[in-house]
Each structure stands twice: as C-alpha cells, then as structure tokens.
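Asks: Single-letter residue listing:
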Amino acid sequence: MNQQMMAAYGQQAPVGRMSPHGNKICRVAMQQGYDLFAKQGSMIAYNGFITYSPYRENRGARMRGRAAGETLELMQCSGQGDLYLADYGADVVMLQLQGNGISVNGSNILAFDAQLTKSIEFVSGIANKFSGNGMTNITLTGNGWVAITTRGTPVVLDPSQQETCVDPDALVAWSTGLRIKSKRSARMGALVGRGTGEAMQVAFSGAGFVVVQPSEDSTDRFKIRG
Amino acid sequence: MVEFRKGQKAKLSDLTPGTDLYVGLRLDAPGLTFDISCFGLDMQDRLSDDRYFVFFNQPKSPEESIQLLGAQAGDQESFRVTLDRVPPQIGKLAFTATIDGQGQMSQVASGYLRIAVGGQEVVRYAFSGVEFSTERAVMIADLYRKEPSVWRFAAVGQGFDGGLKALLENFGGEAAEDEPAQQAAPQAAPAFGAPQQAAPAFGAPGQQAPPQQAPAPQFGPPPGAPQPMAAQQTMPMPQPQQTMPMQQPPGQFPGQPGMPPQGMPPQGMPPQGMPPQGMAPQGHMAPPAPGMPGQQMPGQYPGQPGMPQPGMPPQGMPGQPGMALGTAQGGMNQAGMGPAGLPMEAQYGFGLDQFREVQGQGRWVQQNPKMIRASLAGSTVKVIAKQGSMVAYQGKVDFKFQGQSLRGRFENRQTGQSMELMRCEGDGEVFFAEDAANLHLVELAGHRLCVNAANVLCWDEGLTLEVQRIEGQGIPGGGLFVQTFSGNGTVVVKTMGIPMVLPVNPGAPTFADTNAIVAWTHGMQVSTSTAVRVRRTAYPGHSGETVSLQFRGMQGHFIVVQPYEV
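Sequence order for the protein chains is A and B. Sequential numbering from 1 applies to the first sequence in the numbering used here. Sequential numbering from 227 applies to the second sequence in the numbering used here.
Keep in mind that the hints were calculated from the coordinates and are not lab data. This one's a predicted model, so the numbers in the text were calculated from it and none came from an experiment. Some hints here could point you the wrong way.
[What the hints assert, rightly or not] If you want the ones that stay clear, here's a sample from chain B, every Cβ over 10 Å from chain A, calculated:
| hint | residue |
| --- | --- |
| 1 | Q234 |
| 2 | S291 |
| 3 | V356 |
[Unchecked claim] Now the in silico label distances, taken between C-beta atoms and shown as ranges:
| hint | chain 1 | residue 1 | chain 2 | residue 2 | range |
| --- | --- | --- | --- | --- | --- |
| 4 | A | Q161 | B | V607 | 20 to 30 Å |
| 5 | A | E73 | B | E646 | 56 to 66 Å |
| 6 | A | T176 | B | G604 | 30 to 40 Å |
| 7 | A | G81 | B | V607 | 27 to 37 Å |
| 8 | A | Y55 | B | T360 | 50 to 60 Å |
| 9 | B | Q585 | A | Q31 | 55 to 65 Å |
| 10 | A | S119 | B | D653 | 48 to 58 Å |
Beta carbons: idealized from backbone N, C-alpha and C, even for Gly.
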C-alpha cells in the first residue's frame with residue numbers, strides 16, 4: 001500500500017504542552033504530575049500510559065453549575081504519553097495563559113491544565129436575559145495551557161479602540177478584565193414581525209481580546225451523544 | 227467537462243477544438259498494480275508497427291506524437307497525444323490497462339480516463355470494477371478516426387480475460403514477442419535508450435521515471451503546449467534520478483506502478499492549499515500545503531506536479547479570454563485565498579495572534595475563509611444582509627428590517643423560500659458569517675451573476691436584484707430560487723466547503739446538481755434535464771441523481787458548485 005499519502009498525516013514533533021495537529025486536533029504532551037482536565041469524551045487517541053477519571057466538582061460547585069444551566073462534564077487525565085483530543089470536527093485554538101485570565105463559554109472548553117484555577121461565573125447584568133443559552137462562563141486563570149473549540153476559523157477582535165458587540169451565539173471567549181454589558185438592538189418593529197434577527201448583543205470594551213466564531217451554532221455536540 | 231459512459235462516442239471536435247491532448251488515467255484497486263499502455267493501431271485495428279505500442283518500456287512513438295508522461299496531477303499514468311503529428315497509417319489509439327501480477331478487474335474500486343486540453347479537462351470516462359469480473363485487462367477508451375483528420379473519442383470499457391496476452395492478440399500483435407519484453411523489462415530496457423534506466427532495479431521503472439523526461443514537467447494537465455523550455459532545460463536531471471530509489475518507502479514493493487513517489491495526488495490531500503486560481507477546476511495542482519512533511523520529500527524536483535513551478539504559470543482559466551465576468555471571477559479567486567495571501571485552511575499555530583482581526587483597506591475585508599468584515603464608515607451605501615448573519619460589530623451600527631417589494635414577498639411565499647433581510651447602516655464595522663461556511667467576495671463591475679438564494683449572505687445596497695425561479699420536476703421544493711445581481715458592488719456568496727468553478731464550454735452542455743449549484747454567470751441557457759431513463763425508475767436503487775440543471779453558453783461563462791448537497 002502506498003503509505004506516502006498517509007505519511008503526511010503522521011505524528012509531528014510536539015512543540016509545547018499542547019500542539020495542533022491540523023487545525024482540529026489538539027495534541028497534549030502528558031507528563032506525570034501535570035494533570036489535564038478535558039471534556040468528557042473528547043479523547044480520540046492516546047499512546048503511553050494515561051488514565052482517565054471522571055472529575056466531580058464539590059457539591060457547592062455542582063449546585064451552582066446546575067443552577068446556571070452550565071455543568072462542565074470533565075475528566076481528569078493523568079499519566080505519561082501523548083493525548084489527542086478533538087470535538088466533533090470543531091476547530092481547536094490553543095493558548096498559553098501566563099498569569100492572565102480567559103473567560104470561555106462552557107461548551108467551547110476542550111481541555112486545560114489542572115493547575116489553572118477555574119470558576120463558573122455569571123456574565124453580570126445579562127445572565128438572566130440569556131437563560132439557557134449558556135451565558136455562564138468558565139473563567140480560567142493562572143499559568144498553563146487552554147484549548148478551546150470554535151465552529152470554523154475564529155477571529156480575535158480588539159475592543160480597546162471601540163466598543164465591540166458580539167452575537168451571543170458566536171461568542172466563544174474573551175479575556176478577563178473587559179467591561180461587559182448587554183446591548184439591545186431590537187426595535188419596536190420586531191414585535192410586529194419586522195425583526196432583524198439581531199436582537200441582543202454582548203458589548204465589550206477595554207484592553208484585551210474577544211474570540212468570535214463564524215457560526216451561530218454554539219450547541220454542545222456532546223449532548224447529542226447523551 | 228463532459229462525462230462519458232461506457233460505449234459513448236463523440237467527435238473530438240465537439241468536445242474540444244484542441245489536438246494537443248493530455249490523457250490521464252487512474253485505476254484505484256487495493257493491492258493491485260496496473261500497466262497502462264497505448265496501442266497505436268492501423269486502420270484495420272491491428273498493431274502492425276510495434277513502435278506504436280507506447281508503454282513503460284517504450285515511452286514514445288517514433289515521431290513523438292504519443293508520449294508517456296508518467297504519474298502526475300492525480301493520474302497514475304498520463305500521455306501526451308499530438309493528434310496532428312500522428313502518422314496517417316495510424317487509425318486508432320487504444321488506451322489499455324493490464325493487471326501486473328495477481329488480481330482481476332472486478333477488484334477495481336474506481337477508475338477513470340480523462341482528456342485535458344490546455345489545462346482544462348474536456349472529457350472524462352469513469353468506470354468501476356462492478357462492470358468487470360475476472361478479466362485481467364481492460365480496453366478503457368479509444369481515440370480513432372475514419373477520415374484522416376476527424377478524430378473521435380469512444381469510451382470502450384471492454385475487459386479481456388487473458389490479460390496483456392489476450393489484449394495483444396486482439397490487436398494482432400505478437401504476444402510471444404511483446405510479453406517477454408515486458409516481463410524482462412529491466413534487462414531489455416537499455417535497448418530503448420529511454421532515460422528511465424536510472425532505476426533499473428524496479429520492475430516497472432517507466433512508472434517512476436517518465437516524469438523526468440523532457441515533456442513531463444512542461445506538459446501537465448495545466449497549460450498545454452506552449453511552455454517555456456528553459457525551465458526544464460535547467461532542470462538538474464541526474465540528481466532526481468539518484469534520489470529516486472530513496473523515495474521508495476521501506477516495505478514498499480519495488481516496481482509497483484501506480485505508486486510512484488511523485489504519485490501522491492495533490493488533490494488527494496485535504497484541502498490544505500488552494501492555488502491562487504482558487505476555484506478553477508485545476509485546483510488539484512495545488513501547491514503543497516506548508517508544513518506537510520509528506521510533500522517535502524527529498525528528491526522532489528522542479529516540474530513535479532504539485533510543486534509550484536516557475537514554468538507553470540497558474541492559469542487563470544485558459545481559453546477564456548476577454549471574460550465578460552473577469553472581475554467577478556477575480557473576486558472569487560481572491561476569496562479563495564485567506565487574508566494576507568494565506569492559503570485557505572492553513573495550518574494553525576498557537577495562541578490567538580494568528581486569528582487577529584485583519585485590518586486591510588477597503589469596504590469588504592476577508593478576515594478568514596469563513597468571516598468577512600464590512601466597513602460602513604465613510605460611505606452612504608448600506609449593506610443588505612440575511613437576517614442573523616451578523617456575528618459581531620464594532621462602533622455604532624444600526625440594524626433595520628429590510629422590507630421587500632410586494633412582488634418579492636409574494637414570490638417568497640410561493641416558493642416557500644423566504645429570505646428575511648436586514649439593513650446595516652451606521653459608522654462601524656460589521657462582521658458577517660454563517661454556519662462556518664466559506665465566504666467569497668464577488669465584485670460585480672457591471673456584470674450579472676445568478677446566485678442560488680440559499681447561498682447569498684449579504685450585498686451592497688446599490689446592486690439591482692431580480693428574483694427568478696427555475697422550475698422543474700424533481701427539484702426539492704418544486705423550484706430553485708435564484709437571485710440575479712447586477713450593477714456595481716459586492717456580493718458575498720457562501721459555500722459549504724471549497725467550491726469549484728466549472729467553465730461552460732460552447733460545444734457541450736455542463737450539468738450541475740440542483741442541490742449543489744451555487745452561482746452562474748448570467749446569459750446562459752439554463753434548463754433542467756432528467757438523466758434517469760425510464761427503465762431505471764422501474765427498479766429500486768437508481769443512481770440517486772434524478773434531476774440536474776443544464777447550462778449552455780458561450781466562452782467565458784462558468785458555474786460554481788459546492789461540495790455539499792443541501
């Protein structure tokens with residue numbers, strides 16, 4: 001069999017803790033003592049000795065998560081080897097946090113280093129308006145790697161110059177420390193069938209970044225699997 | 227491009243005016259290897275002159291009207307046939323494939339023979355193993371003539387039980403003479419003085435070597451004859467020959483034709499790279515994607531298909547001079563490229579910097595293949611967009627309901643394909659995207675483009691819009707809802723996946739699935755055609771391709787098809 005075609009997709013030397021394989025697979029170089037939290041079911045392959053255990057948050061966090069409609073189904077991966085993660089063909093974005101923080105839509109989390117501190121956070125002011133739409137976020141801070149998923153190639157916007165408004169369905173992540181408010185662009189006409197389909201946005205301003213995906217489908221694919 | 231079926235025949239002049247043909251063949255069969263050859267037969271269909279049996283061991287006919295080029299551009303084997311120079315005693319060129327070793331033709335998963343002229347595929351005959359059983363050889367297609375200069379093309383697809391021997395006997399050749407020659411290829415090879423002796427250790431050196439011959443690099447499926455000779459004269463010939471054997475991956479059998487090192491069909495790769503001509507049908511000549519180790523093997527040399535090559539100007543649709551829609555297409559091509567000339571779907575690195583907003587100049591700026599930014603500042607022209615297609619905006623932008631004319635609304639209701647629109651105005655920048663589909667900016671400079679309504683995302687307000695409905699039985703929803711744009715401005719067209727632009731040849735109609743068609747140039751004759759024969763429908767399990775759109779037009783027209791059927 002001609003293996004040359006496949007050779008192009010072979011393993012590549014890892015560059016860091018997390019490295020991309022194509023644009024849809026995240027490769028994590030696992031080491032003893034440096035555990036990883038990953039979305040349950042996101043492992044597609046591994047080699048070496050890696051064990052997986054379901055991660056259960058303490059009761060308080062679970063209650064809070066359930067109340068927020070956003071529970072993170074995570075597994076803790078530990079061991080030594082190479083771990084490959086993917087989420088239903090979504091694009092994967094890997095970034096390294098160096099003391100700063102990132103706030104990610106819960107369904108867009110793929111994996112993050114266990115040493116990061118995470119907290120479920122309501123987006124102040126608009127949480128109640130987006131009930132059920134996952135407008136609670138996981139905030140990760142510390143030093144380590146985070147892999148997030150997006151539907152399609154994302155665009156990173158800079159809200160420092162002018163206010164940046166994002167459709168909540170296309171919003172993936174943003175840096176902590178931004179000013180956030182909800183913006184209503186619907187007019188009276190929307191009530192009589194003359195809407196624009198753009199009723200509400202989340203507005204950001206300040207120094208940092210906002211990650212936007214080119215799709216307004218933010219549903220969690222793993223929920224299909226049940 | 228015309229698809230031929232088994233038994234179909236046509237005058238070549240109906241397919242293409244060209245006589246300098248590129249003939250490419252491919253047979254996919256797990257574990258099988260094929261010897262692909264061309265028999266130059268006389269008017270009595272007999273191989274009266276052995277020198278016109280062009281195969282790996284005799285890569286060209288005496289006057290070089292038939293040349294074997296080797297694997298390239300996704301084809302396992304390819305020929306260059308210059309019909310004008312074929313001597314008058316030769317009446318038929320039969321292209322055949324024979325199994326080398328064990329196996330039978332029913333194991334062929336798929337195969338095709340295609341003819342390209344000037345870089346454009348004009349005809350393709352595809353077949354599969356289900357048409358065969360235990361045969362060991364197949365006559366795939368013929369180029370033949372009855373009158374001296376009227377060549378015809380026939381898709382034959384005739385199997386032969388006895389393999390090459392039966393084939394040779396069928397042509398009146400002397401098997402006793404040719405068969406040993408073939409089996410003893412390595413030994414016999416030097417006698418021919420062909421340049422492929424660099425790899426005599428291989429059973430079928432012809433498969434690896436021919437691309438090194440002079441004609442190969444300059445004669446790919448892309449631009450035809452007029453190629454700069456300088457490029458290949460400066461080619462370091464000996465070097466690739468020496469590195470050739472090393473390209474054989476360990477564990478691979480030597481002499482496997484069809485698995486030449488350079489045989490990695492570029493189009494077999496994921497859509498990593500898009501050539502500058504983006505949506506042109508020659509997309510398989512894509513330059514290797516950056517960072518794909520498999521393509522950066524030692525021993526790659528200029529002229530190898532899939533390598534960007536100075537002597538091969540990326541052809542912007544040859545044969546379409548004075549294109550009425552030059553700008554429209556130019557816009558499409560540009561859209562095929564990501565921002566800053568990045569190839570589409572380029573490989574990712576780390577971090578977020580690579581995804582930063584592309585500033586860029588102009589009203590419409592492509593952020594990445596899937597997102598487009600429209601700057602509303604400094605212009606009174608507003609943007610009309612499909613409702614809900616905005617993913618983000620910066621600055622002060624208002625979104626208003628965009629009403630449609632009474633007639634438009636009536637048509638919407640009639641077709642069931644309502645398109646709710648909004649108008650974006652203000653002083654900021656709006657980012658448009660939908661369903662992670664690929665977006666393409668099409669600049670209309672006074673030209674007209676018909677776009678399937680489902681594939682329109684947004685456009686400049688100044689454009690004139692006409693709504694049209696193509697009716698036909700079998701089209702889902704009873705009809706196809708088409709919007710014709712004209713005027714000066716930009717339309718954003720979305721496609722699921724990387725689309726393909728097919729030129730419409732004046733001679734033969736081009737067909738497209740109604741579910742996959744995205745756009746076409748205005749001014750063509752569009753009709754529906756039902757490809758299903760009556761007897762087919764009487765049985766279950768027909769081809770599934772019931773109705774298609776047929777396009778007929780003059781030079782310069784094209785259609786855009788997406789790799790996704792709605």
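Asks: Run every hint past the structure and note whether it holds.
Replies: Structure-based check of each hint:
1. Q234: Answer for Q234 of chain B: holds, closest chain A Cβ roughly 31 Å.
2. S291: S291 of chain B is indeed farther than 10 Å from all Cβ atoms of chain A, at 32 Å.
3. V356: 22 Å, holds
4. A:Q161 / B:V607: 20 to 30 Å: With a Cβ separation near 23 Å, Q161 of chain A and V607 of chain B satisfy 20 to 30 Å, so the hint holds.
5. A:E73 / B:E646: 56 to 66 Å: 36 Å, violated
6. A:T176 / B:G604: 30 to 40 Å: Holds, since T176 of chain A and G604 of chain B (Cβ atoms, about 34 Å apart) stay within the stated range.
7. A:G81 / B:V607: 27 to 37 Å: 57 Å, violated
8. A:Y55 / B:T360: 50 to 60 Å: 59 Å, holds
9. B:Q585 / A:Q31: 55 to 65 Å: Once the Cβ atoms are compared, 40 Å apart, the range 55 to 65 Å for Q31 of chain A and Q585 of chain B is violated.
10. A:S119 / B:D653: 48 to 58 Å: 37 Å, violated
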